[in-house]
Amino acid sequence: MSPVLVSPPSPPLAVPLQSILVTWTKGFKCSSVEGRDVVSLLRKSIKKRGDFDIDIVAVVNDTVGTMMTCGYDDQNCEVGLIVGTGTNACYMEEMRHIDLVEGDEGRMCINMEWGAFGDDGVLNDIRTEFDREIDMGSLNPGKQL
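Residue numbers (numbering that gives the first Met the number 0): 0 to 144.
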């Protein structure tokens, strides 16, 4: 899923939540989803089922979800770390240290999204024949190197 963290205000949302799937990763594939809003697709599917009433208020990646799950029980949780088919990390940062957003109060989750570092070819010189063989057999050759 596209790495998106949305920290909405208390419901109802002031801005409609939208999350466009850029590309599938980690072995996931489903036709006709890339380039579409997964929030609206999920809402439509939930409504079609008709057996429960929920709404989506945030879309997060696995790393942020991991940290949030831990943080639910332990409010001292500061880091989310994924080591699996790929790697990634996120951490909580004081807003006063973040120049890209307005305001100094509170904290924000910073998603490092380091897992696709070699997608642009920067690692080609150090990749081995084994790296290339595994990559060519993956669902998304050339991605998540």
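Since the hints were derived computationally from the structure, they do not count as laboratory data. Where a beta carbon is used, it is the ideal one built from N, C-alpha and C, also for glycine. Check the hints yourself; a few may be wrong.
[Unchecked claim] Now the in silico label distances, taken between C-beta atoms and shown as ranges: (1) 73 - 95: 21 to 27 Å; (2) 28 - 77: 31 to 37 Å; (3) 52 - 127: 50 to 56 Å; (4) 43 - 130: 24 to 30 Å.
Index of numbered hints that the structure contradicts, given in increasing order | The structure conflicts with hint 4 only, although it agrees with all the remaining ones.
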